[in-house]
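Build the full structure now, drawing on both the sequences and the hints.
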Amino acid sequence: MGVLLFFLIFGAICCFLMAFGIGMNNAANSVGTAVGSKAISAKKALLIGSFFEFCGAVLIGSFVSQTIRKGIITTTDFIGNEKEFSLGMLSSLLGSTLWLVLATYWALPVSTTHSIVGGILGFAMYVYGPKVVNTKSLINIVLSWVISPVSGFVVSWAMYTLVKKTILNKKTNEQSFKAAKLWTPIHFGFTISTMVLFFLESGSKWFNFKFAIWIMVLIFFLSWILAWFICYKWILKIYLRKALKPKEFDIDVDAHKMNHQIGVFDSFGIIDLNLEEYQDHGFIKDERAAEEFKFIIEPEKLTEIPVDDKNWKILTEDEFITEFSESIPDKEAEIKLEEFELQELKTDEDQNTDQNENNKDNNKDNKKEVRFENQTESNIDDDDDFDSNDELNLMKQIERKRKQKQIKEGKDPNEPVISPYKAEIEKLGGTVPLFMLLQVITAMFVAFGHGGNDTPNATAPFGSIYSVYTSGDVTKVQVSFWVLAIGGFALALGLLIFGHRVLITVGEKITLLTPTGGYISQLSTALTTVVCSRLGMPISTTHILIGAVLGYGVSLYGWSTGINGKMIFKIVVSWLVTLPISSITAIMIFAVLRPLCGNFSLN
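Heads up: the sequence shown runs through residues -19 to -1, 1 to 584, numbered per mature numbering (1 follows the signal peptide of the UniProt record, and there is no 0).
Just so you know, not all the hints are guaranteed correct.
[To be verified] Straight-line Cα separation of at most 20 Å, PhoX-like style, residue types lysine-lysine; simulated pairs:
id : residue 1 : residue 2
1  : K377      : K403
2  : K218      : K159
3  : K146      : K159
4  : K403      : K145
5  : K403      : K159
6  : K19       : K403
7  : K152      : K403
8  : K547      : K377
9  : K457      : K64
10 : K214      : K159
11 : K377      : K389
12 : K159      : K145
13 : K151      : K403
14 : K146      : K403
These aren't lab readings, by the way, just hints derived from the structure by calculation.
These numbers come from a predicted model, not from an experiment.
Laid out in structure tokens, this is it:
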């Protein structure tokens, strides 16, 4: 077997492993925020991400391959030393793969672009010294690494600040809900039009057409208006009606004879329903939803409910509490719409038990009040012990800061705090599912861009080896369609099998994501990633996304609250060490394999 054929076969294996490593570490970034904000399950996110990562790799992966292969080093210096060049590319692939495996084991999202660029620079400088490095191209790449997180941060911060101003920061939840119904179609149109624009631009080379700039702008605004109109006219109402429909009706009658069920109704739907033998009870209607759909409070039009109309008694929240206050303990009578839990009418024995528990709670509250008198802003920190759950730690951090503020203002710090997620759900009401849909759409978009931008980190070095084997030309670019397809498949496979590790880090361990926060983070990442991919810049999608998530977190919580500083520190350190580690690893592999594959002369 010839040396070049050995490089080709071994290089193909390393290319597959590198793409697999990209999938298990980097590809999870594209869907991590969708899982963190609870828009979709992890299983669905991995399936969706895998499909669109593959599509992006095949459709736009060849553009970035040009920069990875030819833009980092001066390939003409390797003319006459093609074996060294092929071995160097193979060493870069293997070294980067080993680092990605370690980073994934530690659940740290690192840059695959950093990894492969570091490997190529390492072996090239080992052979020829610094003269082989394309300084101008390297400076542009380094600048793009700095620009990536900063641009992601700025865009995400600005967009979420706009969402807060236009929707979330209204005086009442009702006003926020009305604003959400107005602005959601606008966001929907912007998201869809952005996808259309960049899909046409990114796929133009494959489909052999390229629109003029003014036509692209016209298509962008026309698709925005069309998508806005469709959402405003039909999609929004469909989702609101869907939120109002009854859900599952599986009630064990015998099990609830002594605990009558109350069907709680809110903007998410009817959690439970009455049975015929409990016809004296009703459900709470959501005033915001009823304002949009008047038929909900008209008994003769209750066609959605699978029981006779006569078995229902429609009540407002106040009427419900007034009518059943004698049967329900006071603590449970104070129903809040953010608590999507079944309310039960308890037996006398249960009430006595609850009364005893309430007495104990009152005694505890009295002790808390006495303790509050001696509580100061400085000793709040001592009462909050952190544990290993990052999401819980973030909530504790938010609670601690709130207590400090309450004490500073002379208020009781023991007042319970509502999580940001529940608070946003209250404000958005029935539009929450639509924001979650937008996040799934943007996740697809980010996955598509990531597949096109990061798959060449594996396929471009192998394309170099393949070019040397077929033509002996180190300057020729030859990244075939089948190479991109295999790379995309390996990437998707890595995401499906091991992607959950980094997915949790991005979605849950940096900050507490909400439906709008996850959507804004994804959209900001998509805009930056696809633009840079079309320009042929090997930017880091990881840096963009982490910057976008951080920008949202700072906009919502500020710098000192709600941000997992320890996790950010670990991620930044992993970014800084990625390039030198991959460089050193590639040099070591090159030095070990060189004598095994023949004596190459080092000029």
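Verification of the supplied hints:
no. : hint           : result
1   : K377 with K403 : holds (16 Å)
2   : K218 with K159 : holds (13 Å)
3   : K146 with K159 : holds (14 Å)
4   : K403 with K145 : holds (15 Å)
5   : K403 with K159 : holds (18 Å)
6   : K19 with K403  : holds (12 Å)
7   : K152 with K403 : holds (17 Å)
8   : K547 with K377 : holds (15 Å)
9   : K457 with K64  : holds (15 Å)
10  : K214 with K159 : holds (15 Å)
11  : K377 with K389 : holds (18 Å)
12  : K159 with K145 : holds (14 Å)
13  : K151 with K403 : holds (16 Å)
14  : K146 with K403 : holds (18 Å)
Taken one by one, the earlier hints all hold for this structure without exception.
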